[in-house]
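*Asks:* Now for the letters of each chain:
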Amino acid sequence: MATTIDTVAGPSKAMVLNMGPQHPSTHGVLRVVLELDGETVLKARSVIGYLHTGIEKTMEAKTYSQGITCTDRLDYLAPLSNNLCYCMAVEKLLGVEVPKRAQYIRVLLTELTRISSHLVWLGTHALDLGAMTVFLYGFREREDIQKIFEFVSGQRMMTSYFRVGGLALEPPTGWLDKVERFLESFPPHLKEYEDLLTRNRIWMGRTQGVGHLTADDAIALGVSGPLLRASGVAYDVRKTFPYSSYDEFDFDVCTQTAGDCYARYQVRVAEMRESLKIVRQAIDRMPQDGNFRASLPGIIPPSREEMKTSIEGLIYHFKIFTEGFAPPPGQVYQAIESPRGELGFFVASDGSAKPYRVKVRAPSFVNLQSLPRLAEGRLVSDLIACIGTTDIILGEVDR
Amino acid sequence: MDPDRGQVTSAVESVRKWDAQAILQLIEFRGETTLVVSRENLRRVCEFLFSDPKLHFTFLSDITPVDRFPLEPRFEINYQLLSLERKERLRIQVKLPGNDPTIHSLTTLWPTANWHEREAWDLFGIRFEGHPELTRILMPDDWDGHPLRKDYPTEGYR
Chain A
1 MATTIDTVAG
11 PSKAMVLNMG
21 PQHPSTHGVL
31 RVVLELDGET
41 VLKARSVIGY
51 LHTGIEKTME
61 AKTYSQGITC
71 TDRLDYLAPL
81 SNNLCYCMAV
91 EKLLGVEVPK
101 RAQYIRVLLT
111 ELTRISSHLV
121 WLGTHALDLG
131 AMTVFLYGFR
141 EREDIQKIFE
151 FVSGQRMMTS
161 YFRVGGLALE
171 PPTGWLDKVE
181 RFLESFPPHL
191 KEYEDLLTRN
201 RIWMGRTQGV
211 GHLTADDAIA
221 LGVSGPLLRA
231 SGVAYDVRKT
241 FPYSSYDEFD
251 FDVCTQTAGD
261 CYARYQVRVA
271 EMRESLKIVR
281 QAIDRMPQDG
291 NFRASLPGII
301 PPSREEMKTS
311 IEGLIYHFKI
321 FTEGFAPPPG
331 QVYQAIESPR
341 GELGFFVASD
351 GSAKPYRVKV
361 RAPSFVNLQS
371 LPRLAEGRLV
381 SDLIACIGTT
391 DIILGEVDR
Chain B
1 MDPDRGQVTS
11 AVESVRKWDA
21 QAILQLIEFR
31 GETTLVVSRE
41 NLRRVCEFLF
51 SDPKLHFTFL
61 SDITPVDRFP
71 LEPRFEINYQ
81 LLSLERKERL
91 RIQVKLPGND
101 PTIHSLTTLW
111 PTANWHEREA
121 WDLFGIRFEG
131 HPELTRILMP
141 DDWDGHPLRK
151 DYPTEGYR
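Just so you know, the protein sequences line up as chains A and B, in that order. Residue 1 is where the first sequence starts when you use my numbering, and the numbers rise one by one after that. Residue 1 is where the second sequence starts when you use my numbering, and the numbers rise one by one after that.
In case anyone wonders, no lab produced these hints; they're calculated from the structure. For clarity, every value in this text was computed on a predicted model and none was experimentally measured. Each residue gets a CB set at the ideal place from its N, CA and C atoms; glycine is no exception. Possibly wrong hints are sitting among the right ones.
[Claimed, not checked] Label-pair ranges, simulated between beta-carbon atoms:
no. : chain 1 : residue 1 : chain 2 : residue 2 : range
1   : B       : 97        : A       : 307       : 45 to 51 angstroms
2   : A       : 295       : B       : 151       : 36 to 42 angstroms
3   : B       : 53        : A       : 283       : 42 to 48 angstroms
4   : A       : 284       : B       : 30        : 29 to 35 angstroms
5   : B       : 127       : A       : 100       : 46 to 52 angstroms
6   : B       : 154       : A       : 319       : 19 to 25 angstroms
7   : B       : 30        : A       : 295       : 18 to 24 angstroms
[Claimed, not checked] Over the 12 angstroms line for every Cβ pair with chain B, so calculated as not near, a few chain A residues:
no. : residue
8   : 23
9   : 195
10  : 198
11  : 212
Generate coordinates for the entire structure from the input sequences, incorporating the hints supplied.
*Replies:* As structure tokens, then:
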């Protein structure tokens, strides 16, 4: 967070304008200090930190299981992706293998998360650029997904549903029917958004050629996710470093070469289609039997049945929930493809029941660095499109 | 897992072949490779990994400092590198003493290091020499101390 600015054009020409942190199109509490020549942005400088809550420090004071609740609050539009990445990092530390069925449920739910997150992005991005209808439609369909999450985990947003070794609970009976209904209803809606936007002249005018980023610049800036793929680099963690059985699913990595806001729109819409494909396959191939979490006495809680009928089960249950568990000393980095890009958790253990250090490689934080590259030299109205297209979540940027 | 490990080993071998003294320690844990290098060698090693046509570690994912207080050397900085072509990750670790936590900035090699290094300065007080603008990024400018250090309390008064 810095408050002083040096102007490049000198005091006579440039005007310094402070955009945010309460501006509606900054998607949270982003502040951008703009140096303007008329309507042209000479220099844009992002100022962040307004939502800094010290999550990484907090997690050092909690046991590994308690830390999961903190991860929900990072990227609040994709809490399940965060849960997944953190749990997988801890599982890597422990060397635990998660049952196939739990892996498939994880994949299914994180892909639904991707769709719901992209819907919010599409809605708010279109709203920023003056298309109100898509926003209302998008939130309508997002609600269906939130209801599935609520049905499965009991929470709409702060799910904490993935736990170390598997899932928190066996999903309730009938949950797959709800997913099926969504799979049926969603494709026509997706077509509806595309009818509204893809060939819309205002939409094309506001996004084509705006916020251009070359592949080399994107890699140099560490940009990942749809931003990188829209610049023509086919890097998707799900394909490059498959995790949670992603190698058993058939899907494409969507890329575009134009590298502008319109290309990013195309990539994200295509990704929603791919996510539907993955969800479909996950339902069809989901193992019917098998546990929803791994069995590892002393680390992963025993089943309720076991806890109530065996003395070992009761002791383990008590110890896990009072003391936690202690992974061996060491450090791991686990990355997944969150809706915004490469989400990484670096977890260091010192052999105690609390993580020694947790670092979140937040894709929004890194992607936001590209904003000056996208917006400088263009109009203020294009800056709005550029902020929208980076799809930042300030909870994750500021942590 | 196995083919990946084979590749990583060859990256390590390339570094060894290029400079036998560069790697102070090699850590293998859960299929991840960490090269511990000295602070003086960091830039050279990174430049080699970046530019060698067979390695091409062009993507810097993350910079993660770890505070080992009260042990010495107190700080560890982990650079999480990624080679998109070889599809492999490699971690470079540098250890820094508590009384002089300074290191060369890598912003000229990877522009993305800019904010990561600012964050490391803000939260851990690690100085990056040659950084274009080493100011606080998450905490307010007038903040006292570096919150993620282990001697900085989680609650109560400082």
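*Asks:* All hints, please: hold or fail.
*Replies:* Each hint, compared with the structure:
| no. | hint | verdict |
| --- | --- | --- |
| 1 | 97/B - 307/A: 45 to 51 angstroms | 49 angstroms, holds |
| 2 | 295/A - 151/B: 36 to 42 angstroms | 40 angstroms, holds |
| 3 | 53/B - 283/A: 42 to 48 angstroms | 45 angstroms, holds |
| 4 | 284/A - 30/B: 29 to 35 angstroms | 32 angstroms, holds |
| 5 | 127/B - 100/A: 46 to 52 angstroms | 48 angstroms, holds |
| 6 | 154/B - 319/A: 19 to 25 angstroms | 24 angstroms, holds |
| 7 | 30/B - 295/A: 18 to 24 angstroms | 20 angstroms, holds |
| 8 | 23 | 20 angstroms, holds |
| 9 | 195 | 36 angstroms, holds |
| 10 | 198 | 30 angstroms, holds |
| 11 | 212 | 17 angstroms, holds |
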